[in-house]
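Chemist: Please build the complete structure, drawing on both the sequences and the hints.
2 protein chains.
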Amino acid sequence: MGFSFLILMLTIATAVASPIKDQILLLMPHSGSAGHKQSDLNCLSWRLAVETDNLKEWYQIPESCRDYVKNYMLGNQYREDCDLVTAEAYKYAKGLNLTGDGKDIWVFDIDDTALSNIPFYASEDFAFGAKPYNSTLFNEWLEEAAAPAIPGSLQLYEQLIGLGFKIVFLTGTREAYTESRIKNLKEAGYIEWEKLILKGDNYTGNAVDYKSSSRKELEEGGYRIRGNVGDQWSDLTGSNLGDRTFKLPDPMYYVG
Amino acid sequence: MGFSFLILMLTIATAVASPIKDQILLLMPHSGSAGHKQSDLNCLSWRLAVETDNLKEWYQIPESCRDYVKNYMLGNQYREDCDLVTAEAYKYAKGLNLTGDGKDIWVFDIDDTALSNIPFYASEDFAFGAKPYNSTLFNEWLEEAAAPAIPGSLQLYEQLIGLGFKIVFLTGTREAYTESRIKNLKEAGYIEWEKLILKGDNYTGNAVDYKSSSRKELEEGGYRIRGNVGDQWSDLTGSNLGDRTFKLPDPMYYVG
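Chains as they are written, first to last, in numbering that gives the first Met the number 0: chain A, 0 to 255; chain B, 0 to 255.
Derived by calculation from the structure, the hints in this document are not laboratory data.
Straight-line Cα separation of at most 20 Å, PhoX-like style, residue types lysine-lysine; simulated pairs:
id, chain 1, residue 1, chain 2, residue 2
1, B, K93, A, K55
2, A, K90, B, K55
3, A, K55, B, K90
4, A, K93, B, K55
5, B, K165, B, K93
Here are a few chain A residues that face chain B, going by a calculated C-beta distance under 8 Å:
id, residue
6, L47
7, L54
8, Q76
9, E79
10, L83
11, V84
What you are looking at is a predicted structure, and each value in this text was computed from that prediction instead of being measured.
Glycine residues also receive a C-beta, built at the ideal position from the N, C-alpha and C atoms.
Modeler: If you want it as structure tokens, here you go:
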């Protein structure tokens with residue numbers, strides 16, 4: 000366990016105990032510790048381009064933006080960005096008329112939508128891109144079933160159930176991990192659902208096709224997708240998207 | 000001409016002469032002049048939700064974010080956000096194979112895509128939402144034909160022509176303003192195009208339908224829409240979107 004890991008853990012501990020003020024972290028993108036410009040890439044512009052789907056197939060955080068992404072994810076701004084989206088989703092959901100036949104559903108992605116993988120992406124195993132993504136290590140993290148809920152998403156989930164929606168979790172996680180996903184969802188507070196859809200262990204299509212065909216099956220089964228929330232554009236593009244989609248922020252990784 | 004207008008003009012003059020550093024303006028959303036929090040609305044979160052199409056049918060800038068939007072639009076960050084998007088569009092365009100038959104087109108929206116309406120939205124007539132939008136005044140601004148080019152968009156336009164693309168301008172401006180639009184485009188540096196499509200003076204459909212049907216006609220005419228750039232999601236949703244879309248930032252107004 001090296002020195003940098005200790006620093007990282009201290010940073011996380013500090014962030015949890017007393018979240019970094021976004022006013023401070025927003026000063027950081029352009030500046031190194033001595034205040035000099037680190038790179039020509041404006042990390043705010045990069046993040047905006049990621050969130051608006053202008054950048055596609057980016058498979059790592061640019062080196063000059065790793066500190067920026069770390070501070071964003073561990074600070075207040077990420078949480079407030081999520082909260083505004085989920086509050087808007089609730090405002091929209093409240094205005095809908097439900098038929099009461101139990102077929103009005105809301106689709107939730109799991110990773111970095113219902114549950115947060117920040118503990119993995121912040122850990123020494125990835126360190127916000129300082130080490131390459133390693134699926135073996137990520138799968139170990141999945142098996143731990145230790146991901147916390149994203150607070151705004153859990154609140155939205157509870158509000159939607161209160162309004163009478165049925166919840167469908169639709170995840171790219173392979174079916175081999177079904178038990179750990181169920182354990183994790185329940186321990187994080189997602190205690191009930193209409194369906195939990197995982198990806199077949201041998202499925203080879205891409206994320207957009209997998210999610211589109213899963214939603215198509217839901218609609219063919221008589222369900223009405225009234226809302227759909229995810230952190231990746233591949234959750235929110237393709238077919239059978241539902242009446243309205245909501246994009247949560249995620250500058251940590253790209254799923255195409 | 001009141002005191003606040005003078006201040007605004009001084010702000011614009013200062014911004015043009017020496018753009019406000021985004022590091023400074025990013026400190027502003029939460030703080031009034033005495034450093035106190037003005038509102039619970041996080042203006043960065045609001046802007047992100049606008050840009051990701053999570054907020055729909057917002058027809059005015061929230062009062063507590065007007066200063067924030069003003070500083071964003073007049074500062075470096077807006078320009079850099081545009082530059083990153085148009086640079087990405089060029090990177091994508093460079094990788095395409097053109098057939099050479101003159102049917103590979105790129106669709107540009109005009110308002111706040113090819114041309115900037117910042118001088119209008121910053122002026123006393125609107126003052127970034129401090130006064131309500133007034134279509135009569137906006138139409139007078141259109142007739143002036145004085146909108147400058149957005150620098151990244153003009154550069155992209157020139158690069159695309161260099162690569163062999165034909166340009167189609169597709170705007171929600173009514174046909175009654177055809178002459179002033181032509182004058183404005185040419186004076187801003189957009190000297191040639193394959194087509195300039197304006198909205199019929201009696202058309203009553205919404206923006207998504209108007210733009211979708213216009214793009215459909217283009218495709219039925221044998222054109223291939225290889226790229227499509229706009230500042231509103233109504234430019235980039237609906238049908239016949241083209242092979243790839245690019246969203247420029249615009250927190251000034253919403254076109255549904």
